[in-house]
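K.L.:
This is what each chain is made of:
Protein chains: 2
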Amino acid sequence: MSTITLGQYLFERLHQLKVDSVFGVPGDFNLRLLDDIDEVPGMRWIGNANELNAAYAADGYSRVKGLGALVTTFGVGELSALNGIAGAYAEHVGLIHIVGVPAVSSQQKQLLLHHTLGNGDFSVFYRMSKEISHASSFLKDAASGPSEIDRLLRDAYIYQKPVYLGLPANLVTAPVERSLLDTPIDLELQPNNQEVESDFIEDILKMIKDAKNPVILVDACATRHSVKLETKQLIEATKFPVFVTPMGKGAVDENNPRFGGVYVGSLSNPDVGQAVESADLVLSVGGLLSDFNTGSFSYSYKTKNIVEFHSDYCKIRSAVYPGLQMKFVLQKLLKLVGAAAKGYTPVPVPSVKLINTPAPQGTLLNQQWLWTKVSSFFREGDIVITETGTSAFGIVQSRFPKNTTGISQVLWGSIGYTGGSVLGAVLAAQEVDPTKRVILFIGDGSLQLTVQEISTMCKWGQTPYLFVLNNNGYTIERLIHGMNAEYNAIQPWNHLDLLKFFNAKKSESIRVSTTGEVDQLFADPAFNKNDKIRLIEVMLPMQDAPINLVRQAQLSEKTNSSA
Amino acid sequence: MSTITLGQYLFERLHQLKVDSVFGVPGDFNLRLLDDIDEVPGMRWIGNANELNAAYAADGYSRVKGLGALVTTFGVGELSALNGIAGAYAEHVGLIHIVGVPAVSSQQKQLLLHHTLGNGDFSVFYRMSKEISHASSFLKDAASGPSEIDRLLRDAYIYQKPVYLGLPANLVTAPVERSLLDTPIDLELQPNNQEVESDFIEDILKMIKDAKNPVILVDACATRHSVKLETKQLIEATKFPVFVTPMGKGAVDENNPRFGGVYVGSLSNPDVGQAVESADLVLSVGGLLSDFNTGSFSYSYKTKNIVEFHSDYCKIRSAVYPGLQMKFVLQKLLKLVGAAAKGYTPVPVPSVKLINTPAPQGTLLNQQWLWTKVSSFFREGDIVITETGTSAFGIVQSRFPKNTTGISQVLWGSIGYTGGSVLGAVLAAQEVDPTKRVILFIGDGSLQLTVQEISTMCKWGQTPYLFVLNNNGYTIERLIHGMNAEYNAIQPWNHLDLLKFFNAKKSESIRVSTTGEVDQLFADPAFNKNDKIRLIEVMLPMQDAPINLVRQAQLSEKTNSSA
Chain R
1 MSTITLGQYL
11 FERLHQLKVD
21 SVFGVPGDFN
31 LRLLDDIDEV
41 PGMRWIGNAN
51 ELNAAYAADG
61 YSRVKGLGAL
71 VTTFGVGELS
81 ALNGIAGAYA
91 EHVGLIHIVG
101 VPAVSSQQKQ
111 LLLHHTLGNG
121 DFSVFYRMSK
131 EISHASSFLK
141 DAASGPSEID
151 RLLRDAYIYQ
161 KPVYLGLPAN
171 LVTAPVERSL
181 LDTPIDLELQ
191 PNNQEVESDF
201 IEDILKMIKD
211 AKNPVILVDA
221 CATRHSVKLE
231 TKQLIEATKF
241 PVFVTPMGKG
251 AVDENNPRFG
261 GVYVGSLSNP
271 DVGQAVESAD
281 LVLSVGGLLS
291 DFNTGSFSYS
301 YKTKNIVEFH
311 SDYCKIRSAV
321 YPGLQMKFVL
331 QKLLKLVGAA
341 AKGYTPVPVP
351 SVKLINTPAP
361 QGTLLNQQWL
371 WTKVSSFFRE
381 GDIVITETGT
391 SAFGIVQSRF
401 PKNTTGISQV
411 LWGSIGYTGG
421 SVLGAVLAAQ
431 EVDPTKRVIL
441 FIGDGSLQLT
451 VQEISTMCKW
461 GQTPYLFVLN
471 NNGYTIERLI
481 HGMNAEYNAI
491 QPWNHLDLLK
501 FFNAKKSESI
511 RVSTTGEVDQ
521 LFADPAFNKN
531 DKIRLIEVML
541 PMQDAPINLV
551 RQAQLSEKTN
561 SSA
Chain C
1 MSTITLGQYL
11 FERLHQLKVD
21 SVFGVPGDFN
31 LRLLDDIDEV
41 PGMRWIGNAN
51 ELNAAYAADG
61 YSRVKGLGAL
71 VTTFGVGELS
81 ALNGIAGAYA
91 EHVGLIHIVG
101 VPAVSSQQKQ
111 LLLHHTLGNG
121 DFSVFYRMSK
131 EISHASSFLK
141 DAASGPSEID
151 RLLRDAYIYQ
161 KPVYLGLPAN
171 LVTAPVERSL
181 LDTPIDLELQ
191 PNNQEVESDF
201 IEDILKMIKD
211 AKNPVILVDA
221 CATRHSVKLE
231 TKQLIEATKF
241 PVFVTPMGKG
251 AVDENNPRFG
261 GVYVGSLSNP
271 DVGQAVESAD
281 LVLSVGGLLS
291 DFNTGSFSYS
301 YKTKNIVEFH
311 SDYCKIRSAV
321 YPGLQMKFVL
331 QKLLKLVGAA
341 AKGYTPVPVP
351 SVKLINTPAP
361 QGTLLNQQWL
371 WTKVSSFFRE
381 GDIVITETGT
391 SAFGIVQSRF
401 PKNTTGISQV
411 LWGSIGYTGG
421 SVLGAVLAAQ
431 EVDPTKRVIL
441 FIGDGSLQLT
451 VQEISTMCKW
461 GQTPYLFVLN
471 NNGYTIERLI
481 HGMNAEYNAI
491 QPWNHLDLLK
501 FFNAKKSESI
511 RVSTTGEVDQ
521 LFADPAFNKN
531 DKIRLIEVML
541 PMQDAPINLV
551 RQAQLSEKTN
561 SSA
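These protein sequence lines are chains R and C, in that order. Mapping of the first sequence onto full-length UniProt numbering: position 358 corresponds to residue 358, and the numbering continues sequentially without gaps. Mapping of the second sequence onto full-length UniProt numbering: position 275 corresponds to residue 275, and the numbering continues sequentially without gaps.
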């Protein structure tokens with residue numbers, strides 16, 4: 001009987017699920033575990049600059065490849081990662097947080113080890129993580145290891161949520177039967193209750209048949225729970241106009257003639273707002289209705305006919321169908337919807353305008369111009385990452401080419417997130433298709449939280465585009481409260497020295513201040529080829545912001561001060 | 001009746017407790033609160049680069065001034081700080097974590113706000129923080145605000161532990177009677193039970209009278225629970241030899257003729273080990289017996305006569321006296337101990353040797369030489385901060401001048417900690433005595449976790465000495481496991497460009513590789529004056545470490561792999 005270590009078993013399972021980059025920081029309770037990564041051909045240990053960044057990176061990797069993994073050490077390491085884990089929980093991102101914990105014998109003796117609170121409580125950090133994990137396990141023996149690992153990985157993948165594994169240092173080398181790997185982890189969804197599913201589909205088919213002016217609205221969970229294909233087919237089969245939310249951007253081909261733009265409640269472009277709100281049926285796929293995703297809950301469909309498709313339930317108006325999974329529902333619906341929608345006469349859809357008013361070459365940049373312009377730089381297959389703040393709001397104005405992946409943390413909204421997630425995305429892109437370009441837009445304020453992860457990209461010779469929007473501090477906060485307050489200012493950095501400081505091998509650092517400079521840059525074929533790491537400092541006015549952010553900020557300030 | 005806002009009340013109370021610098025990061029649920037800092041003359045908002053660093057900074061500030069404060073925002077901000085809060089919990093550091101949370105009305109409506117998990121649960125982060133807080137409060141109304149704030153601040157101060165305050169955005173501006181400020185927060189300890197105290201003192205006086213060869217052993221909590229003065233008087237009154245633990249370094253004047261060195265169990269210098277372990281009575285003040293503080297629990301007193309003085313209990317051999325607070329016990333003991341100890345004949349104590357074997361000027365640096373040498377650079381009143389790793393172990397070999405403050409996170413041991421805490425310490429030093437020098441020793445690996453906080457020191461024009469020990473990666477981890485493993489390597493940075501990148505106004509960056517260069521630097525009067533921010537890159541061999549660390553690492557590896 002051939003055996004491997006429990007540590008190797010874990011990484012073999014991850015490899016089977018196409019997780020080939022493992023993020024994290026070494027620490028004395030996980031060092032032996034890290035040795036086992038090298039035992040699995042094709043796996044690599046990335047080694048982050050700190051644990052929060054590692055969590056963000058695992059999240060970014062998962063958004064491209066479907067699952068991510070990070071390894072931290074007991075107490076100090078795992079707690080540093082929690083904000084990133086909670087973000088994955090909020091935004092439906094599947095990942096496993098593997099924590100190297102003290103040996104079982106040390107725990108039993110309640111030793112006053114370093115990295116403990118000094119009170120002999122070894123489960124306190126596990127309890128904290130449980131609050132933001134879909135499933136968790138704190139191993140006590142090696143025998144249960146393989147089944148627990150399989151359970152956690154299945155849950156992380158299926159539910160697209162973080163899971164937690166506490167792995168005692170002494171169990172890492174315990175022998176496990178290699179043949180267990182021959183049975184793949186079951187990643188299939190349980191079938192829906194057929195009767196409930198049939199009832200539900202019957203009802204919506206009737207609504208579709210009756211609708212004169214239906215629309216499809218696609219949100220984040222369409223991507224996260226893998227129904228992009230079904231959604232595409234639904235659009236093709238029905239010809240209904242399709243819109244996305246800010247978090248749904250990238251879920252739908254924006255060059256599809258039926259694509260009408262981004263719907264953000266009262267913050268939408270007027271023609272988009274009109275189109276969605278006058279619909280007599282809304283088919284909402286993978287909705288995540290947070291404030292920043294809806295213009296502070298300002299959705300105002302005049303119709304009461306709303307059908308919601310979610311990963312673990314569906315809904316018609318107020319009626320909930322618990323447990324009904326949208327994937328199967330959509331697949332079944334696709335077989336029948338063509339006939340139901342055949343009476344529908346396609347209406348014209350709003351079109352995204354991408355033309356800036358002509359301006360002299362020396363005109364100073366502003367947000368409005370920039371976000372209209374960037375679409376001309378994007379190309380098929382790009383991964384576009386936008387930081388919370390002006391970037392995440394500005395990108396709504398752009399048009400993505402076919403097969404563009406959009407990454408943004410709109411619901412959780414932790415500033416600095418993209419500084420870590422860009423690393424995960426760029427490594428995932430390298431594994432999926434090395435010609436894929438990864439393009440980050442981050443503000444100068446957010447950059448400061450996680451800047452050291454750019455060093456990790458230098459270490460790995462990655463070649464992302466890093467657009468640093470320099471507007472002299474936290475502009476999103478200024479708009480919400482304290483426009484000129486000292487607390488919204490930051491220490492100004494010499495951004496053009498950053499890549500040199502981090503010792504990048506092949507790099508380029510450029511500052512652009514005018515429309516002419518950006519025009520020239522985007523027109524340069526050399527610049528368009530992602531053959532080196534690039535930092536582009538974009539100089540923007542301090543108080544300038546995309547109009548949707550200005551209006552969102554006013555709504556937020558109001559909510560915060562309401563009694 | 002004159003009123004102020006609840007926010008101002010909070011900062012006025014902090015100001016009364018001499019907390020004049022508030023750390024943190026702005027976020028939309030705390031912006032209005034930050035306005036109130038300016039209402040209190042003498043208070044300043046520091047504004048950190050990220051929240052973990054802010055927590056570390058508040059911890060460093062507290063270790064100098066007795067209490068610290070940080071402000072974060074709901075969810076994203078507060079979770080990022082947790083590792084720093086847990087460290088303060090483990091190491092007995094008093095601070096208040098103030099979290100700006102959504103308005104009460106938003107919570108009641110369970111709005112799907114950004115910075116939430118998207119499930120309407122607004123108390124989840126509060127529950128997580130409770131696990132690592134001595135006391136906590138999640139305000140629901142303004143009326144209870146002042147008394148809750150007073151309770152939390154009292155607890156943080158008295159127990160020297162972190163406390164948590166969740167402050168809804170809409171309550172910040174609620175009116176509070178100004179006259180409440182006229183009654184100071186009661187910071188007095190409750191008196192001890194007099195009968196228990198008398199019994200305890202009677203017993204130890206007898207032990208002291210009988211002892212031929214007693215010693216005093218001083219640990220971290222002597223500093224944290226403010227019995228440094230009583231300890232000093234105890235040494236003077238008894239003439240007993242006194243030793244410190246690694247975490248106790250700085251608690252005792254090392255130039256006192258009765259000071260014998262640092263005791264770390266089996267990792268001690270042989271003469272120190274011999275002196276402590278042959279004692280027939282050990283008076284242990286403020287002990288915190290973690291693995292790294294004791295040479296992996298290798299304390300081996302031959303005597304069974306151990307008396308322990310703690311902040312909330314005392315102990316004679318195995319007998320615990322719950323609730324007995326050492327401060328009062330020591331004060332009472334001091335009145336009687338002189339008579340009891342008058343039969344004691346002082347024995348010679350080990351002396352700290354600080355002479356390096358003479359070497360040619362061009363000799364490359366090593367850890368042994370460096371840690372013997374640094375004592376010559378220290379001067380009275382310095383604050384010396386050493387990062388977990390070679391620095392925290394190496395500093396044990398040095399001698400501190402009078403009134404030196406030592407800061408190191410030996411029990412919690414989170415790498416990167418000092419990168420944040422040095423900021424807190426230097427700002428506190430500025431408030432206490434601007435001529436005080438703050439000296440940091442940090443490894444190149446640890447620096448990467450929290451490097452951006454150096455930018456905050458540049459923003460505030462602070463002038464610390466930053467010694468960056470460049471030994472090409474995580475040497476402490478290499479010694480524990482994986483000496484040449486890729487996972488213990490890091491991206492090499494151009495450290496000499498760091499201060500320029502962060503836009504420091506007045507700075508100096510120097511690299512030293514030889515003993516001659518260090519000799520010259522320390523002998524230079526200009527270098528000794530802290531009139532600018534300085535980064536000194538110290539080049540050291542990759543596998544070189546202080547001998548106590550080498551031996552500790554072997555012990556740790558053994559514990560980790562034991563079944």
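Since the hints were derived computationally from the structure, they do not count as laboratory data. Please read all numbers here as calculations on a predicted model, not as lab measurements. Be aware that one or more of the hints could be misleading.
Using 20 Å as the maximum straight-line C-alpha spacing, the simulated PhoX-like pairs for lysine-lysine come out as follows [claimed, not checked]:
hint	chain 1	residue 1	chain 2	residue 2
1	C	Lys109	R	Lys558
2	R	Lys500	C	Lys109
3	C	Lys506	C	Lys532
4	R	Lys402	R	Lys239
5	R	Lys228	R	Lys209
6	C	Lys130	R	Lys109
7	C	Lys212	R	Lys130
8	R	Lys332	R	Lys228
9	C	Lys232	C	Lys327
10	C	Lys342	C	Lys232
11	R	Lys558	R	Lys436
12	R	Lys212	R	Lys342
K.L.:
Now, for every hint given, state plainly whether the structure supports it.
P.N.:
Tested hints:
no. : hint                : verdict
1   : C/Lys109 - R/Lys558 : holds (15 Å)
2   : R/Lys500 - C/Lys109 : violated (50 Å)
3   : C/Lys506 - C/Lys532 : holds (5 Å)
4   : R/Lys402 - R/Lys239 : holds (18 Å)
5   : R/Lys228 - R/Lys209 : violated (23 Å)
6   : C/Lys130 - R/Lys109 : violated (25 Å)
7   : C/Lys212 - R/Lys130 : violated (54 Å)
8   : R/Lys332 - R/Lys228 : holds (15 Å)
9   : C/Lys232 - C/Lys327 : holds (13 Å)
10  : C/Lys342 - C/Lys232 : holds (17 Å)
11  : R/Lys558 - R/Lys436 : violated (42 Å)
12  : R/Lys212 - R/Lys342 : holds (11 Å)
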